[in-house]
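Asker: Residues per chain are reported as follows:
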Amino acid sequence: MKLQRIGSAAAVLTVAALALTACGSDSPTAAATSGAASSGATAAAVSGTLTGSGASSQKSAMEAWKAGFEAENAGTMVQYSPDGSGAGRKAFLAGGAQFAGSDAYLKDEEIEASKSICGPDGAFNVPAYVSPIAVAFNLPGIETLNLDAPTIAKIFKLEITKWNDPAIAATNEGVTLPDTAITVVHRNDESGTTENFVDYLHTAAKDVWTYDVSGDWPKDLSSENAKGTSGVVATTTGTEGAITYADHSAVGKLGTVNVKVGSDFTKISPEAAAKGVEAATPVAGRSALDMSLDLKRDSTETGSYPIILVSYHVFCSSYKDQNTVDLVKAFGEYVLSDAGQKQAAESAGNAPLSTKMSETAIKSIEAIKVGS
Amino acid sequence: MTSNALRRQGSKGQAGDKIFSGAALGAGILILITLFAVAIFLLIQALPTFTANPALITGGEGFASYIFPIVIGTVIAASIALLIATPVGIAVALFISHYAPRKLAAGLGYVIDLLAAIPSVIYGAWGYLVLAPALVPSYQWLAENMGFIPLFGGPASQTGKTILTAGIVLAVMVLPIITSLSREIFLQTPKLHEEAALALGATRWEMITMSVLPFARPGIISAVMLGLGRALGETMAVALVLSTGGLIPSLIKSGNQTIAAEIALNFPEAFGLRLSELIAAGLVLFVITLAVNLIARAIIARHKEFSGAN
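So the sequence lines, in the order shown, correspond to chains P and E.
In terms of my numbering, the first sequence has 180 at position 200, counting the first letter as 1, and numbering is strictly consecutive.
Take any residue in the second sequence, note its place counting from 1, add 86, and you have its number in my numbering.
Any given hint could be a false lead.
[Unchecked claim] Stretch by stretch, here's where chain E covers chain P in the computed footprint (C-beta under 8 angstroms, at least three residues):
no., region
1, 159 to 171
2, 200 to 214
[Unchecked claim] Counterexamples of contact, computed for chain P against chain E with all Cβ distances above 10 angstroms:
no., residue
3, Lys70
4, Ile122
5, Asp196
6, Gly232
7, Pro250
Bear in mind the hints are in silico, worked out from the structure with no lab data behind them.
No residue lacks a Cβ here, since even glycine has one placed at the ideal position from N, Cα and C.
Could you put the whole structure together from the sequences, leaning on the hints where they help?
Answerer: This is how it looks when you write it as structure tokens:
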């Protein structure tokens, strides 16, 4: 019998295949090192390049703002690198970015540090992006459930393990709750969504939720998890009895929880979220321009939704040259304008700022001046 | 005239030789420099982690106790992947090289190679959207019937996003590497050895165990090591598939974490010390991979003389 030698052609492919196995990665370690504005001397009202860095939560909204702003102002360019809130603030304070996007407002010591590049009045925060966070669950046939904060906290703390638990039934008369096990799904990557959700539990149910507030889920609570908003939503959608928290725009056909505020239960909606932001109080001891907000997670005002993420834009109160000032003002005002907020809401599905709030914020931005 | 022609050829060849050996040397040096540069980068960036107050490290108990569980998790995931992919990969390669009809073999070879070209994020998406839910009933069965073995301790995950699922996805990802390399090696078995074995009355299977496998052993080990490299370093697929958590023995509960996925999940929002920690984790992975490769080299060197290649 003669031996046959078979299939000799694919050697090249083997090499090609191996070369393709590398996996994607992010940029290197340091914060964004984008240059300062190129003070273009063209004739348009505003021109030049505006560089920002910061929260990835604003990414899709920022793309909408960038497109809208550049279309309205020929000769301008906005660069935003979504490196994360911390990296963005760091880049801003180092002078590498002219504005930062951040899920947390600048702390007092960061404002102090900003004085070296922003002049004696330092930097200030204005809210730019509001997004309601839904508590979403997968129970066929049930679209909404009424829950109060302690019950939500107990569910996510794995103390309530069945959907027909008396604590859930108590606030949901008339709903037939199944005897299904509750599967908690949380984010396994660090995220502003986690931070805001945990902050809500920590404030509104402080007796139950005793963990520290951070962008990472508490390590002691081991349960199912997934990467990113799309990950938790997909996992929840695929698992009957699962519950998670995610950006409202992303929850798809999952049921959502009506959260107890005061004596009523508030259904999640952009309007209710905007109302929740209005209930927030300004942070004390800040400059007149600063609009940092202490969100009132335990508000009792009917119709406001307390689980919200507010992302800020951080600007200097003064910039070195007129051109930059004009550019920053034009962009900041565009973001806060009705058109800007609407555009972001369409593409990112977030909640537009209330008119009152954006008017105040625009006043702050108008006060930006040329400094030494 | 003959000698003239020879000399001319020789002088041409000398220039070519010099260029070629220079290029080869350059390539060799370049890869060493790259490796060295990566190592230096990792060391410098990771340094703050080792000098920092242990209480400030994630977990609050120093770097060793932070990195230990995820090192073990990485090893578990890679082991599962290799346990599945090695026998399957070798069997597929043998089928293509020695059993399949020529036409089928070529087609099959291309299809297997195609597996390597699929981006890892697609594997990850497939893993958590399709494979994980499909495995839930099997995991529940394992937990009920084999639960006395710690590896299958229940209660089983409701979502199927476990280290075993991640290992299976990794196995599919390393399969083309092991298959392609093994197949090429099997095809290079000296024809004379094979024919001699057959002439002595060996069956086809005996011929393979007597002549093909011994000849191919170093090549198979290399193939497995390349596969292991990918399994250890795979980032996105694990990050998407695995429901992370602390170190646990059970393979069918959510838990465990791998180094690459830990870095991918935390890198985007990390800065300061946390960033150094993650880079230090990368350094540990780098060292593990290097160690594994050195061990593999040693094994290959030891088996060379018995390989039948001489």
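Asker: Starting from the hint list further up, note which numbers the structure goes against and sort them upward.
Answerer: 3, 5
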